[in-house]
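Sequence order for the protein chains is A and B. In terms of the working numbering, the first sequence opens at residue 1 and continues consecutively. In terms of the working numbering, the second sequence opens at residue 1 and continues consecutively.
Simulated from the structure, these hints should not be mistaken for lab results. Here the structure is a predicted model, which is why all the values come from computation and not from measurement. Please note that the accuracy of each hint is not assured.
Distance ranges between label pairs, derived from CB positions [said to hold, decoys possible]:
| no. | chain 1 | residue 1 | chain 2 | residue 2 | range |
| --- | --- | --- | --- | --- | --- |
| 1 | A | E242 | B | T3 | 48 to 58 angstroms |
| 2 | B | A22 | A | S194 | 28 to 38 angstroms |
| 3 | B | R4 | A | A144 | 31 to 41 angstroms |
| 4 | B | A22 | A | A128 | 46 to 56 angstroms |
| 5 | B | F14 | A | V132 | 30 to 40 angstroms |
| 6 | B | F255 | A | E241 | 39 to 49 angstroms |
| 7 | B | P262 | A | K141 | 51 to 61 angstroms |
| 8 | A | K121 | B | F213 | 42 to 52 angstroms |
Rough simulated footprint, nothing fancy, chain B against chain A, three-plus residues with beta-carbon under 8 angstroms [as the list claims (entries may be wrong)]:
| no. | segment |
| --- | --- |
| 9 | 30-42 |
| 10 | 63-69 |
| 11 | 80-86 |
| 12 | 113-125 |
Think of the CB as a built atom: it goes at the ideal place given N, C-alpha and C, for glycine as much as any other residue.
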Amino acid sequence: MSLIAAEAGNGQRAAVAELREVTRRFGRRTVLDRLTLRVGRGELFGLLGPSGSGKTTLIKLITGIDKADGGTVELLGERMPKLSMFRRFGYMAQSDALYNELTAKENLLFFASLYGLKGAKRSERIQAAAAVVDLLDHLEKPVAAFSGGMKRRLSLAIALLHEPELLVLDEPTVGIDPVLRRSIWQELLRWRDSGTTIILTTHVMDEAEHCDRIGLIRDGRLTAVGSPGELKARAGAQTIEEAFILLGGGDRT
Amino acid sequence: MRTRALAVRIIRQFIRDKRTLALLFAAPLLVLTLVHFVFNGQTVKPHIGTVQVPAPLTERLEQAGADVRSFDTAEQAEAEMRKGKLDAIVSVRGGVPSILLEGSDPSVSKAALLTIQQTVQSVAGGAGVQPAVSYMYGKESLTSFDSFGPVLIGFFSFFFVFLLAGVAFLRERTTGTLERLLATPIRRTELVAGYLSGFGLFALLQAALIAWFAVDVLGLYMEGSIWLVLLVNLLLTMTALTLGTLLSSFAGNEFQIIQFIPVVIVPQVFFSGLFNLDAMEPWLQNVSYVMPLYYGADALRSIMIRGEGLGDIWADVLVLLGFSAAFALLNVLALKKQRPI
Numbered sequence: 001m002s003l004i005a006a007e008a009g010n011g012q013r014a015a016v017a018e019l020r021e022v023t024r025r026f027g028r029r030t031v032l033d034r035l036t037l038r039v040g041r042g043e044l045f046g047l048l049g050p051s052g053s054g055k056t057t058l059i060k061l062i063t064g065i066d067k068a069d070g071g072t073v074e075l076l077g078e079r080m081p082k083l084s085m086f087r088r089f090g091y092m093a094q095s096d097a098l099y100n101e102l103t104a105k106e107n108l109l110f111f112a113s114l115y116g117l118k119g120a121k122r123s124e125r126i127q128a129a130a131a132v133v134d135l136l137d138h139l140e141k142p143v144a145a146f147s148g149g150m151k152r153r154l155s156l157a158i159a160l161l162h163e164p165e166l167l168v169l170d171e172p173t174v175g176i177d178p179v180l181r182r183s184i185w186q187e188l189l190r191w192r193d194s195g196t197t198i199i200l201t202t203h204v205m206d207e208a209e210h211c212d213r214i215g216l217i218r219d220g221r222l223t224a225v226g227s228p229g230e231l232k233a234r235a236g237a238q239t240i241e242e243a244f245i246l247l248g249g250g251d252r253t
Numbered sequence: 001m002r003t004r005a006l007a008v009r010i011i012r013q014f015i016r017d018k019r020t021l022a023l024l025f026a027a028p029l030l031v032l033t034l035v036h037f038v039f040n041g042q043t044v045k046p047h048i049g050t051v052q053v054p055a056p057l058t059e060r061l062e063q064a065g066a067d068v069r070s071f072d073t074a075e076q077a078e079a080e081m082r083k084g085k086l087d088a089i090v091s092v093r094g095g096v097p098s099i100l101l102e103g104s105d106p107s108v109s110k111a112a113l114l115t116i117q118q119t120v121q122s123v124a125g126g127a128g129v130q131p132a133v134s135y136m137y138g139k140e141s142l143t144s145f146d147s148f149g150p151v152l153i154g155f156f157s158f159f160f161v162f163l164l165a166g167v168a169f170l171r172e173r174t175t176g177t178l179e180r181l182l183a184t185p186i187r188r189t190e191l192v193a194g195y196l197s198g199f200g201l202f203a204l205l206q207a208a209l210i211a212w213f214a215v216d217v218l219g220l221y222m223e224g225s226i227w228l229v230l231l232v233n234l235l236l237t238m239t240a241l242t243l244g245t246l247l248s249s250f251a252g253n254e255f256q257i258i259q260f261i262p263v264v265i266v267p268q269v270f271f272s273g274l275f276n277l278d279a280m281e282p283w284l285q286n287v288s289y290v291m292p293l294y295y296g297a298d299a300l301r302s303i304m305i306r307g308e309g310l311g312d313i314w315a316d317v318l319v320l321l322g323f324s325a326a327f328a329l330l331n332v333l334a335l336k337k338q339r340p341i
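So here's chain A without its partners, still in its complex pose (with noise of 0.2 angstroms):
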């Protein structure tokens, strides 16, 4: 455990993401400014940063949904986008994305289907993946009838329906109690620790301890990427929420 924190702190492992000099504009806004990043297998890597700072459009160019103006975006070694990539990663966006007329077994039934899951096997990822996030019970219900903390359960267990390397989550705590993202932040570690490479989006600052490595994103420039202790560190700060203030809004002080 401490060797693989050591090796994350370096990034020298084989890359997973690799962002180079990346640059995204939309109409005369720069949202990413020459952005690059590399994020190793099997990290934990989570992106924290104020809501418009460019995490999601990071987020984007990383799973191909959208493509850079500049620079180069690589994931698993080959050049994004790619459509044959979109079998690599689970991805869980920052919106419930389901179909509230459907039951959750529908829903999973349609994701399963369109990543090419068919018969015994999808049924065993169905019920492999509701268990993970809780939702046995509940599959036979329709999303509509779902809380807002049900929905993001279900959201996660459509990523991890074809056993992704990768898991590319964009906010998965975001309007979720503080019970459930526990739970949930404890499922995340469970897959790190399984060698799943996981990247993240999040705004909470304490989350953010849990990560192995840390990027400071703030008007899409990273403004520093290193181990919450390293960060902490390096800002002679005491939380992340102030070497964040430290290190990354040093046009502020």
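Since the structure of chain A is provided, determine the placement of chain B on it from the hints.
Showing chain B alone in chain A's frame:
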């Protein structure tokens, strides 16, 4: 005070939504202008063919405002009528004039019949010559509903599928499920094809129900094959489906889908054949060639009133297929806006 605040807010929202504002003022003018051109065009001349009739009768018919063409044999004239070029054929058999009416549009038939009867009376000098009247298509009792019923069948299928598909695809986009879908290995073509098949099933059911109800319950005149009616209706709804999903890319909410009705749907009604296209200015008549509903309505009328088969309506079928294919392709391209690959 609170009333004022609410009114000010509504005014602000209106000003922000430029498209709604434009539509509120421009759409009534557009539709009114269309109505003006449709009903204030040229007078409709009955197209009459004559088969070896005395010269004075032909002259009188022309004086009465008819467009008259002479033929040597009845077969030649009837062939022209099948092409839709003639409304009536006048011939003389055994001293008695006989009139063959095209018959698929009661109002046109009546106008042609009236012109001929009055002319015959005046030539015969008021004597009681009763021309024998027969119909190529339809029958004397063909009502207006029989005549534009086929057009309405096509129109309602088109209209509802257009709205439904537009709103469904818009919701897919605004609820984020489209983005979620596009984060899976699905191809853009697969997505469009999926929409076509899923909605196509219900479009087909709807078309079958409408056709059955109109023919068997309401007694709509039906000469041709019900399967052809279903085929044409299905193609027409496919066009509506692909057009609806395509235009929904340009709408931000359900309200803006509704706004497509006066711009996309209403003009098609005017060019669908519900109103006599011959009454329009010739340059305006050409607009009908870009309207999918025109081809659908033409094919449905041909099948239901004239009893024509696939061999006669294949051109309409091909054009409808072409529209669907073109709109589907544009859909695939429009999805690039959501995902570059």
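Hint check results:
For the hinted restraint 48 to 58 angstroms between E242(A) and T3(B), the CB-CB distance of approximately 50 angstroms keeps it satisfied. Distance hint for A22(B) and S194(A): a CB-CB separation of about 57 angstroms, inconsistent with the stated range 28 to 38 angstroms. The beta-carbon spacing between R4(B) and A144(A), approximately 38 angstroms, falls within the hinted interval of 31 to 41 angstroms. Roughly 53 angstroms separates the CB atoms of A22(B) and A128(A), a value that falls within the hinted 46 to 56 angstroms.
Here the CB-CB span from F14(B) to V132(A) is close to 49 angstroms, at odds with the stated 30 to 40 angstroms. The supplied range of 39 to 49 angstroms is met by F255(B) and E241(A), whose beta-carbon atoms lie about 43 angstroms from each other. At about 41 angstroms, the beta-carbon gap between P262(B) and K141(A) misses the expected band of 51 to 61 angstroms. Taking 42 to 52 angstroms as the suggested C-beta distance range, the pair K121(A) and F213(B) conforms, at roughly 46 angstroms.
With 0 residues having a Cβ less than 8 angstroms from any Cβ of chain B, the segment 30-42 of chain A misses the three-residue criterion, and the hint is violated. Against chain B, the segment 63-69 of chain A contributes 5 residues with a C-beta closer than 8 angstroms to a partner C-beta. That satisfies the three-residue criterion, and the hint holds. Counting residues of the segment 80-86 of chain A whose beta carbon lies closer than 8 angstroms to any beta carbon of chain B gives 5, which meets the minimum of three for the stated coverage. For the segment 113-125 of chain A, the stated coverage by chain B is satisfied: 3 residues place a CB nearer than 8 angstroms to a CB of that chain, which reaches the threshold of 3.
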